[in-house]
Amino acid sequence: MNDKVLLRYGDGGKHTNLLIRNIFYKHFHNDMLVNYHDASVFDLDHGRLAFTTDSFVVKPLVFPGGDIGKLAVCGTINDLVTAGAKPLYLSCGFIIEEGFDIKLIEKIAESMGEMCRKTGVKIITGDTKVVEKGAVDGVFINTSGIGVVQAGYQPKTIQEGDQIIITGGIAEHGTTIAVERFKIKVEGNIKSDCSPLNHIIERIQPKLESIRLMKDPTRGGLATALNEIVEMSGKGIRLLEKAIPISSEVKSINELLGLDPLYHACEGRLIIIVEKQNAEEVLDEIRRCEGCEDATIIGGFDLIGVHPRVVMETYIGGRRIVSPLEADMLPRIC
Amino acid sequence: MNGKIDKDLLTHLINEVNSMVTEEIKIMEVCGTHTQMIAKLGLKTLLSSKIKLLSGPGCPVCVTEEKYIDRAIEILNKYDVTLATFGDLIKVRGSKVSLQEEKSRGKDVRIVYSPLDLIDMAEKNRGKQIVFLGVGFETTAPIIALAIKTAYDRGIDNLYFLTSIKLMSPVLHYIMKEANSQIHGLICPGHVATVKGSDYFKFINREYLIPAAVCGFEAIDIVGGIYYLVKQITQKRENAFQNLYKRCVSSQGNINANMLLDEVFDILDGEWRGIGNIEKSSLQINKKYARFDALNLFVVENQDVKVSMNCECKDILLGKKTPEECKLFMMGCNPRSPQGPCMVSTEGACAIAHRYGGGSIE
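These protein sequence lines map, in sequence, to chains A and B.
Using full-length UniProt numbering, you'd call the opening residue of the first sequence number 1 and step up by one each time.
Using full-length UniProt numbering, you'd call the opening residue of the second sequence number 1 and step up by one each time.
Just so you know, these hints were derived from the structure itself, not from any lab.
Keep in mind it's a predicted model, so treat the numbers as computed, not measured.
Incorrect hints may appear among the rest.
[To be verified] One side only, chain B facing chain A, incomplete, derived with CB under 8 angstroms:
| hint | residue |
| --- | --- |
| 1 | 8 |
| 2 | 11 |
| 3 | 40 |
| 4 | 41 |
| 5 | 50 |
| 6 | 121 |
| 7 | 142 |
Yeah, the Cβ is synthetic: ideal placement off N, Cα and C, and Gly gets one too.
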């Protein structure tokens with residue numbers, strides 16, 4: 001193979017086959033994928049299914065803590081998790097720009113394969129297109145996923161008093177991307193939180209009855225996700241600023257840039273709305289999960305009699321509105 | 001600044017402030033970062049309603065005039081250039097469109113974090129002319145001056161600067177002289193004072209006999225500043241000026257930065273969006289560095305733009321009104337469709353009040 005992706009790697013012939021076998025099959029290897037059919041056939045247990053799709057166009061393609069491939073697998077797995085499903089199978093479609101580095105495609109595929117092995121999820125079908133230089137920016141990936149909804153879970157109406165759990169420190173992915181994008185020279189241990197969340201749902205399965213809703217705070221961050229929940233439920237949130245877990249690195253970088261961590265995407269965190277009497281118990285279970293040691297209750301649906309919105313109780317005792325993201329955040333001038 | 005002791009101190013100071021106030025007190029904070037911090041802390045919900053915190057013209061993006069944006073867009077459309085800009089200046093509309101709209105039409109508009117990145121950009125793209133939009137106050141002016149001087153020293157011939165740099169003291173004089181100015185105390189911008197020194201703001205107290213304090217940006221800096229000012233105002237002390245940000249601000253400021261400003265810029269009249277012309281309120285590239293001034297190379301029409309402004313941004317920028325007192329606030333004027341400069345930038349008073357709810361969240 002050449003060291004660059006050539007247009008002929010997408011023509012469906014011999015070279016496409018080389019790309020698929022030498023890179024994608026090697027890293028996504030499983031018995032269902034390598035039977036060379038256009039579609040995979042599989043059996044499922046009886047039950048409710050969850051199905052989702054997402055496209056990934058992130059810049060930069062590789063960042064501390066992950067790359068576009070890891071993001072694509074985790075993102076789709078996590079969307080299934082928010083539906084209370086055990087993720088089983090994924091599809092993936094690659095659109096690659098002519099001239100793209102083969103080693104980088106392999107690195108991306110390797111990350112995807114690693115995440116699949118870690119989570120027990122299989123990529124069982126896919127598609128590859130190579131387009132002329134300039135038609136896309138590097139590589140775009142689409143992943144779809146299917147999973148079986150776990151017994152005991154279905155979204156329920158949010159009630160007054162319900163508590164909000166976040167499963168770890170916020171804004172780590174978005175801040176990492178901002179540092180790379182704005183080429184900020186910072187020293188420290190800042191890396192994306194990008195990771196799969198299926199282990200959390202396995203851990204809290206016995207308590208799924210008490211979960212009202214789950215949501216991953218991706219684009220738009222915690223602030224936007226909570227606003228969406230308020231809009232959907234018609235109930236106001238009281239958010240406790242001092243309870244929101246934010247690492248000191250994330251806080252400092254955002255202060256320096258004039259950005260707000262509440263609006264940065266998280267790619268390995270879950271917002272879980274749980275009925276009050278079970279909140280502490282669910283939190284204890286979540287904290288036992290790898291990477292969830294900082295999980296905490298950050299507020300609740302206990303704004304009675306006011307216009308439904310997210311109101312932050314600040315650490316000095318003041319109150320202010322937390323609005324949804326209006327537009328992309330940019331560093332301040334002054 | 002999250003510990004219990006600090007919170008107790010803040011609570012104590014806020015209680016003291018509230019107990020001192022018997023009649024309405026208007027305090028202006030000039031810097032957009034102060035306005036943002038006050039809103040993020042929810043400070044207005046803790047202070048007595050008799051204390052009115054007013055925002056001044058300290059958001060550099062908000063006070064950048066339409067004509068300037070129009071010129072940038074004209075250069076972008078008439079010449080094959082890369083236009084580089086800071087932060088949310090890209091969202092500001094000129095008389096017709098914004099740079100963001102031009103970028104979405106395929107124009108080469110890039111966001112840079114530091115003007116010094118421009119030197120790299122210019123050296124790596126010798127065949128391309130790069131125009132940087134240099135806006136801001138005394139805070140960002142030194143780094144723009146350094147970029148110009150570095151380009152001069154390295155003999156870079158493909159980098160140009162379209163500047164609209166404003167000075168803080170002339171606009172404060174303008175506000176204080178306004179017949180209706182009823183401001184009782186002033187929180188001076190800590191960022192500007194870091195460069196210019198605290199002495200730069202002494203004139204507020206000396207000439208206009210109102211107390212002033214240079215403040216930092218932590219909760220304790222701002223609450224401490226309000227406490228200091230309210231105490232001076234209620235005890236009717238006329239001779240009151242304090243630098244409460246000594247950990248960053250000296251009386252003389254950053255001497256090297258000021259020497260650089262003197263070397264690269266001349267002080268001329270300046271146009272302020274929403275306010276108009278203010279004498280000797282802008283920094284312009286001087287004769288020695290004139291070849292870096294974009295307006296000396298790129299020919300643009302010098303048309304005056306008449307923009308009809310239905311909102312009350314001028315009164316808000318001058319501290320006469322709060323955003324909530326404008327008839328268009330939340331009624332047709334919002335960050336997606338700003339009618340005036342204060343709603344344009346994330347640091348504008350109206351955008352901040354819209355985002356955080358100002359003093360009222362019910």
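Hints, verified against the model:
Evaluation of the residue 8 (chain B) hint against chain A yields a violated restraint, the C-beta minimum of about 10 angstroms exceeding 8 angstroms. Against a cut-off of 8 angstroms between C-beta atoms, the interface hint on residue 11 (chain B) holds, since the closest Cβ of chain A lies about 7 angstroms away. The criterion of a C-beta within 8 angstroms of any C-beta in chain A is met by residue 40 (chain B), whose closest approach is roughly 7 angstroms, and the hint holds. Annotation: residue 41 (chain B) was flagged as interfacial toward chain A, and the flag holds, the nearest CB pair being 5 angstroms apart, inside 8 angstroms.
Of the supplied interface hints, the one on residue 50 (chain B) is violated, with its beta-carbon coming no nearer than about 17 angstroms to a beta-carbon of chain A, more than 8 angstroms. The criterion of a C-beta within 8 angstroms of any C-beta in chain A is not met by residue 121 (chain B), whose closest approach is roughly 11 angstroms, and the hint is violated. Restraint check, residue 142 (chain B) versus chain A: the minimum CB separation of about 13 angstroms is more than 8 angstroms; hint violated.
Hints 1, 5, 6, 7 from the earlier list are contradicted by this structure; the remaining hints agree with it.
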